[in-house]
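Engineer: One line per chain: the protein sequences are A and B, in this order.
In terms of the working numbering, the first sequence is residues 1 to 316.
In terms of the working numbering, the second sequence is residues 317 to 632.
Be a bit skeptical, because a hint or two may be false.
[Said to hold, decoys possible] Listed next, the in silico EDC-like pairs over lysine to aspartate or glutamate satisfying Cα-Cα at most 16 angstroms (straight line): (1) A:K299 <-> A:D238; (2) B:K516 <-> A:D207; (3) B:K510 <-> A:D238; (4) B:K483 <-> A:E183; (5) A:K200 <-> B:D405; (6) B:K571 <-> B:E526.
Read the hints as simulated data drawn from the structure, not as lab findings.
Number of protein chains: 2
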Amino acid sequence: MNLILTEAAEALRNAQKLVLTAHENPDGDAIGSTLGLMHVLRDMGKEVRVFIDDDIPSNFSILPGVDQIERPTEKMTADLLVVLDTAPDRIGRTGELTDAPILNIDHHISNDGEGRRLYLDAARAATCEIVYELAKELRVPFTKESAMCIYTGIATDCGFFSFANTKPFTMRAAAELMEYGVEPNIISEAMEQKTYTVVKAMSKALDTMEIFHGGQAVGLFLDEGLSAEIESTEGFIDMVRVIEGVDVALLLKCKEKDVCRASMRSKGTDVSKIATSFGGGGHIRAAGCTLNMPFAQAKATIIDAINRAMDGEQQG
Amino acid sequence: MNLILTEAAEALRNAQKLVLTAHENPDGDAIGSTLGLMHVLRDMGKEVRVFIDDDIPSNFSILPGVDQIERPTEKMTADLLVVLDTAPDRIGRTGELTDAPILNIDHHISNDGEGRRLYLDAARAATCEIVYELAKELRVPFTKESAMCIYTGIATDCGFFSFANTKPFTMRAAAELMEYGVEPNIISEAMEQKTYTVVKAMSKALDTMEIFHGGQAVGLFLDEGLSAEIESTEGFIDMVRVIEGVDVALLLKCKEKDVCRASMRSKGTDVSKIATSFGGGGHIRAAGCTLNMPFAQAKATIIDAINRAMDGEQQG
Numbered sequence: 001m002n003l004i005l006t007e008a009a010e011a012l013r014n015a016q017k018l019v020l021t022a023h024e025n026p027d028g029d030a031i032g033s034t035l036g037l038m039h040v041l042r043d044m045g046k047e048v049r050v051f052i053d054d055d056i057p058s059n060f061s062i063l064p065g066v067d068q069i070e071r072p073t074e075k076m077t078a079d080l081l082v083v084l085d086t087a088p089d090r091i092g093r094t095g096e097l098t099d100a101p102i103l104n105i106d107h108h109i110s111n112d113g114e115g116r117r118l119y120l121d122a123a124r125a126a127t128c129e130i131v132y133e134l135a136k137e138l139r140v141p142f143t144k145e146s147a148m149c150i151y152t153g154i155a156t157d158c159g160f161f162s163f164a165n166t167k168p169f170t171m172r173a174a175a176e177l178m179e180y181g182v183e184p185n186i187i188s189e190a191m192e193q194k195t196y197t198v199v200k201a202m203s204k205a206l207d208t209m210e211i212f213h214g215g216q217a218v219g220l221f222l223d224e225g226l227s228a229e230i231e232s233t234e235g236f237i238d239m240v241r242v243i244e245g246v247d248v249a250l251l252l253k254c255k256e257k258d259v260c261r262a263s264m265r266s267k268g269t270d271v272s273k274i275a276t277s278f279g280g281g282g283h284i285r286a287a288g289c290t291l292n293m294p295f296a297q298a299k300a301t302i303i304d305a306i307n308r309a310m311d312g313e314q315q316g
Numbered sequence: 317m318n319l320i321l322t323e324a325a326e327a328l329r330n331a332q333k334l335v336l337t338a339h340e341n342p343d344g345d346a347i348g349s350t351l352g353l354m355h356v357l358r359d360m361g362k363e364v365r366v367f368i369d370d371d372i373p374s375n376f377s378i379l380p381g382v383d384q385i386e387r388p389t390e391k392m393t394a395d396l397l398v399v400l401d402t403a404p405d406r407i408g409r410t411g412e413l414t415d416a417p418i419l420n421i422d423h424h425i426s427n428d429g430e431g432r433r434l435y436l437d438a439a440r441a442a443t444c445e446i447v448y449e450l451a452k453e454l455r456v457p458f459t460k461e462s463a464m465c466i467y468t469g470i471a472t473d474c475g476f477f478s479f480a481n482t483k484p485f486t487m488r489a490a491a492e493l494m495e496y497g498v499e500p501n502i503i504s505e506a507m508e509q510k511t512y513t514v515v516k517a518m519s520k521a522l523d524t525m526e527i528f529h530g531g532q533a534v535g536l537f538l539d540e541g542l543s544a545e546i547e548s549t550e551g552f553i554d555m556v557r558v559i560e561g562v563d564v565a566l567l568l569k570c571k572e573k574d575v576c577r578a579s580m581r582s583k584g585t586d587v588s589k590i591a592t593s594f595g596g597g598g599h600i601r602a603a604g605c606t607l608n609m610p611f612a613q614a615k616a617t618i619i620d621a622i623n624r625a626m627d628g629e630q631q632g
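Whole structure, please, built from the sequences with the hints as guidance.
Structural biologist: Quick look at the structure:
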């Protein structure tokens, strides 16, 4: 059942004891929206607990209330379970924790809302933009605490105001939150923090950089040894997709022996076609696939496929 | 002579033939403010030429009118020479090009304005924020062309809304400019573009990364061979200053044989003190100095100085 904003606000107003949750592998918007709404609802005098069934990355330790996020362990009663920034299928054990009715708040167009009350606004850059609107609808003034959390979710989900989802609404919401004491440099410095291990891994990954298709394609190639060393490759492809003249950027890594994973980004070439031809998928500009073969063969195979796709695009 | 905004607008309104210029080694704010003001003044029916005495980085090729920026070569007459984003001592030969009276528009607090008409607002994150205000004062509606140029200067001077100089005013100005057709992702993608050579150089520089002082300091060490290979080290220190737990980040490179340049960034330790002790200077959080000695000796010397400064800070 799809709600309108006033109905979502009404559901929050009518509950006294609330459990808030968001998706596993939580990002800035998952953490910011649960903590932001927690502050808003507590400012209304409500009893609120936040559960996320995963570790919270240390980058978020600057957010007020982050130490109050709990891991779900035992059953509890509540008037309302508010599921933020995801459908309820990605909230881990939190769903089993309470029988409370669900209010789902999200900005992902893929959320179908079947069998539950859903407030969805896919035009918003972040679920935190919706929490910002709900606070205004509920007439709860922002505090530095709520503003910091809501701002962080907005800023991280729109790449610090650099992605296509950044709208005038996004900028004006951020402006208002800054007036409640958010310091953008404090948030951005915390978010850009990386461990030494990650920077060292990025350095090793960059050493494998190769360009092909006359400089219009670039790849990072993490063989079995290097892949085993590197915990996460998040953000690695961003370092090379920015190279002038590059259309397709590739990251190839080994998941296990003879199982290689290719991630592709593009500025024009339809990389989802390439991914689909190997049983993978994605979008025109971001796609991935798995190649069940030794690394050297996977490397030759995916480079060949990208070359052929780019030749085709140029002819077509 | 310091002007107020209406007086600066009046000076622009009273001139019919204008030359606009900005500093050498032009950045997004220099280019954005001259081109942005060019569009605004042309929309008023004025005759405007833009001169910058330097190459324009290819990142800015997306800006409307960038192809009309000229290098100063011959004398010309004008009613007004508008110097943007700098005092007139950094505009190269453009100053010799015309005898027109100067109107100086800047946001750098260091601009003393001696002997010329200056509109200075050091509270603004970018000279482009002032151009935005001038367009409104002159009642010239923005166009997509002027908005893209002005937005670019604002976004680049505040690190895409992530530096401490980002204010609610900044966000709201950007919001308004987006309503005239600025696509933030188009601008950010153009700005983050790097050449293959630069990314390759970053990769080699990262390979030299060493941590010291128990992980609280990190350095990149470009010896004579590597320094000769690398054209620009802009942004290199940013890759390592974001490491968790790091207070001081260092980049050491060779300018020539036995002449080494150290650049330092810090989150707490006063690096200007370290720089000053070697005859350099800067601010608490960003400073640099030259060490006239072989690379290996320079490396040992600066690491020792940083270690001692950090020990002192911890004791003090």
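Engineer: Hint by hint, say whether it matches the structure.
Structural biologist: Hint-by-hint comparison with the structure:
no., hint, verdict
1, A:K299 <-> A:D238, "violated (19 angstroms)"
2, B:K516 <-> A:D207, "holds (8 angstroms)"
3, B:K510 <-> A:D238, "holds (11 angstroms)"
4, B:K483 <-> A:E183, "holds (9 angstroms)"
5, A:K200 <-> B:D405, "violated (42 angstroms)"
6, B:K571 <-> B:E526, "violated (21 angstroms)"
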